[in-house]
Amino acid sequence: MSTGIMLKGMTRLVSRVHKLDPGRFLHSGTQASQCLVAHLNNQVPNESPRAISRTLENDPAKHGEQHVGQHYSISVQELKTVFPHGLPPRFVMQVKTFNEACLMVRKPALELLHYLKNTNFAHPAVRYILYGEKGTGKTLSLCHIIHFCAKQDWLILHIPDAHLWVKNCRDLLQSTYNKQRFDQPLEASIWLKNFKTANERFLSQIKVQDKYVWNKRESTEKGSPLAEVVEQGIMRVRNATDAVGIVLKELKRQSSLGIFRLLVAVDGVNALWGRTTLKREDKSLIAPEELALIYNLRKMVKNDWQGGAIVLTVSQTGSLFKPRKAYLPQELLGKEGFDTLDPFIPILVSNYNPKEFEGCIQYYLENSWLQHEKAHTEEGKKELLFLSNRNPGLLERLCAYL
Amino acid sequence: MAAPTVKVARGWWGLAFGVRRAVLRLPGLTLVRWSRYGPEYQDPQIDKEYYRKPLAQLTEEETYERELRKTQVIKAAPATKTSSVFEDPMISKFTNMMMKGGNKVLARSLMTQTLEAVKRKQFEKYHAASAEEQATIERNPYTIFHQALKNCEPVIGLVPILKGGHFYQVPVPLADRRRRFLAMKWMIAECREKKPRRMLMPEKLSQELLEAFYSRGPVIKRKHDMHKMAEANRALAHYRWW
Chain V
1 MSTGIMLKGM TRLVSRVHKL DPGRFLHSGT QASQCLVAHL NNQVPNESPR
51 AISRTLENDP AKHGEQHVGQ HYSISVQELK TVFPHGLPPR FVMQVKTFNE
101 ACLMVRKPAL ELLHYLKNTN FAHPAVRYIL YGEKGTGKTL SLCHIIHFCA
151 KQDWLILHIP DAHLWVKNCR DLLQSTYNKQ RFDQPLEASI WLKNFKTANE
201 RFLSQIKVQD KYVWNKREST EKGSPLAEVV EQGIMRVRNA TDAVGIVLKE
251 LKRQSSLGIF RLLVAVDGVN ALWGRTTLKR EDKSLIAPEE LALIYNLRKM
301 VKNDWQGGAI VLTVSQTGSL FKPRKAYLPQ ELLGKEGFDT LDPFIPILVS
351 NYNPKEFEGC IQYYLENSWL QHEKAHTEEG KKELLFLSNR NPGLLERLCA
401 YL
Chain Y
1 MAAPTVKVAR GWWGLAFGVR RAVLRLPGLT LVRWSRYGPE YQDPQIDKEY
51 YRKPLAQLTE EETYERELRK TQVIKAAPAT KTSSVFEDPM ISKFTNMMMK
101 GGNKVLARSL MTQTLEAVKR KQFEKYHAAS AEEQATIERN PYTIFHQALK
151 NCEPVIGLVP ILKGGHFYQV PVPLADRRRR FLAMKWMIAE CREKKPRRML
201 MPEKLSQELL EAFYSRGPVI KRKHDMHKMA EANRALAHYR WW
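Those sequence lines, one after another, are chains V and Y.
Residue 190 in the UniProt record's numbering is what sits at position 190 of the first sequence, and the numbering runs on without skipping anything.
Residue 111 in the UniProt record's numbering is what sits at position 111 of the second sequence, and the numbering runs on without skipping anything.
If you are wondering where the hints come from, they were derived from the structure by calculation, not from laboratory data.
Check the hints yourself; a few may be wrong.
Stated by the list, open to error - Computed cross-link-like contacts, DSSO-like style, restricted to lysine-lysine with a CA-CA straight-line distance of at most 27 Å:
| # | chain 1 | residue 1 | chain 2 | residue 2 |
| --- | --- | --- | --- | --- |
| 1 | Y | 125 | Y | 48 |
| 2 | Y | 104 | V | 134 |
| 3 | V | 374 | Y | 81 |
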């Protein structure tokens with residue numbers, strides 16, 4: 001009888017062994033520290049019932065398929081240097097509340113990273129357009145790319161929101177350089193300040209290749225560093241727009257030489273070809289090309305230079321005279337914009353997939369952001385899924401008050 | 001309910017089944033804002049758990065009740081009562097009281113922004129505090145809201161009673177719902193009247209809620225004033241006949 005019980009015990013043990021998958025045995029065989037790192041970075045399916053929301057891999061260059069749905073953190077100093085502008089306002093609030101900046105690694109950003117890692121800098125710059133519905137994460141994907149390029153020591157030319165340049169401008173001056181165009185001193189000077197913070201180290205290395213005369217007393221000689229032009233633009237706000245134009249021209253000319261790699265990142269590029277709400281003194285509307293900033297930016301987005309990449313976002317939020325449901329590049333850019341940007345690589349940014357959704361909820365739970373008692377339950381999660389339809393922006397707004 | 005005013009009608013013309021007959025007490029009294037449902041209408045059962053119970057587990061009374069409900073007429077559930085797990089009747093009532101001109105969308109967004117503001121402020125305090133204090137800081141905006149309103153509820157109220165040609169303020173015990181109503185009303189009135197010109201409602205409301213949670217601030221002061229007046233008029237208490 002005892003042998004019968006022993007046999008039953010053995011068979012039960014054997015059947016349990018068969019139920020475990022071989023991967024588990026391998027993990028249990030290795031050392032404890034490796035086990036811990038593996039547990040944190042890779043998602044072992046049978047290991048824990050909850051999704052893993054964080055990864056220790058803080059370098060965007062090393063992000064891969066296994067990190068999809070996980071958050072990586074950016075240190076506060078990097079945030080100040082790399083993103084003086086450009087983060088969405090709600091994300092900035094979240095960073096302030098949690099005391100940490102964590103971005104989620106997602107497929108569209110990984111795809112773009114893969115393309116950027118394999119760019120051939122001898123060929124003309126490739127244009128990538130991130131498009132998607134409202135709240136799906138285009139701007140934050142752009143920020144992920146910018147962080148990667150900043151880590152790889154590229155020169156970042158980041159226009160946080162081109163829509164801000166075509167509406168609500170208090171002071172429009174007639175441009176000193178070209179009588180037909182208009183200057184926007186405030187926007188240009190703010191942008192120059194942020195550009196300086198982001199790219200300090202390059203400004204002293206790059207030398208201007210032309211002489212620029214600002215007015216009767218001031219001029220910038222040929223061969224002086226670009227920092228002087230930027231300083232001039234910040235000091236003399238009247239010349240700020242022209243300073244921006246010069247910066248763009250010089251960077252475009254010199255990026256092909258190979259001293260630095262240039263990333264042009266524009267959020268809301270459909271503003272360049274849309275309509276403006278700015279009026280002249282005689283109340284007639286201004287077309288976008290009559291604004292000097294827009295005119296120069298359009299030249300930047302053309303792919304007739306080498307040594308970098310152009311990553312763009314089209315968004316309906318903030319756009320003028322575009323229907324709310326429009327999200328495709330053709331609809332938002334219009335005929336003129338689409339023809340100008342024509343050979344580009346479109347990258348769709350869609351809502352979270354179930355794994356990313358779980359990761360996001362897990363991240364909020366870890367930071368104790370979801371304070372409502374019912375939000376921790378399965379019922380609550382199902383309801384959040386239903387209400388937000390896995391849209392990242394909506395989910396963030398829902399969780400803010402729960 | 002946009003029910004047309006029904007004058008005192010003698011006759012049955014145009015009345016559907018179940019609509020309460022225009023029974024009337026006084027001439028010239030119109031049936032506006034009263035419920036148009038007759039007494040036989042039952043309230044809807046919104047709770048999901050009630051329906052999820054498997055039929056085998058129901059007791060005899062519950063099966064009887066279920067069978068009975070199949071034969072009864074039931075009122076339509078109002079749009080504001082949902083079977084959501086996050087629903088809170090107090091928050092809904094507060095939102096309705098904040099609403100102006102039927103703009104529920106605006107009222108609800110103000111409410112959600114207030115809860116978010118409360119949460120963010122508490123998180124800031126939490127991160128700035130030391131380890132011992134962190135245990136005492138409450139970060140759940142819903143508990144703060146409920147506790148704040150509970151702290152603002154007066155225990156005793158004043159009612160004007162006509163005696164001998166004069167109105168006297170008589171101290172009177174208040175029903176629970178009257179107390180809750182007064183707390184919410186005072187909170188909203190305080191935030192509307194005493195806020196600086198450019199400050200927005202969510203910011204002011206979050207400030208007032210946090211102060212009331214810690215039992216300080218103008219709304220608590222108003223409650224204490226009410227209590228003091230009631231104490232002062234203690235002699236008139238026997239004017240109350242109920």
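Now the hints, each set against the structure:
This hinted pair does not check out: residue 125 of chain Y and residue 48 of chain Y have alpha carbons roughly 38 Å apart, beyond 27 Å. Of the supplied pair hints, the one linking residue 104 of chain Y and residue 134 of chain V holds, its CA atoms being roughly 24 Å apart against a limit of 27 Å. At most 27 Å may separate the alpha-carbon atoms for a hinted pair to count; residue 374 of chain V and residue 81 of chain Y meet this at roughly 17 Å.
Violation of the numbered hints given earlier is confined to hint 1; every other hint is satisfied by the structure.
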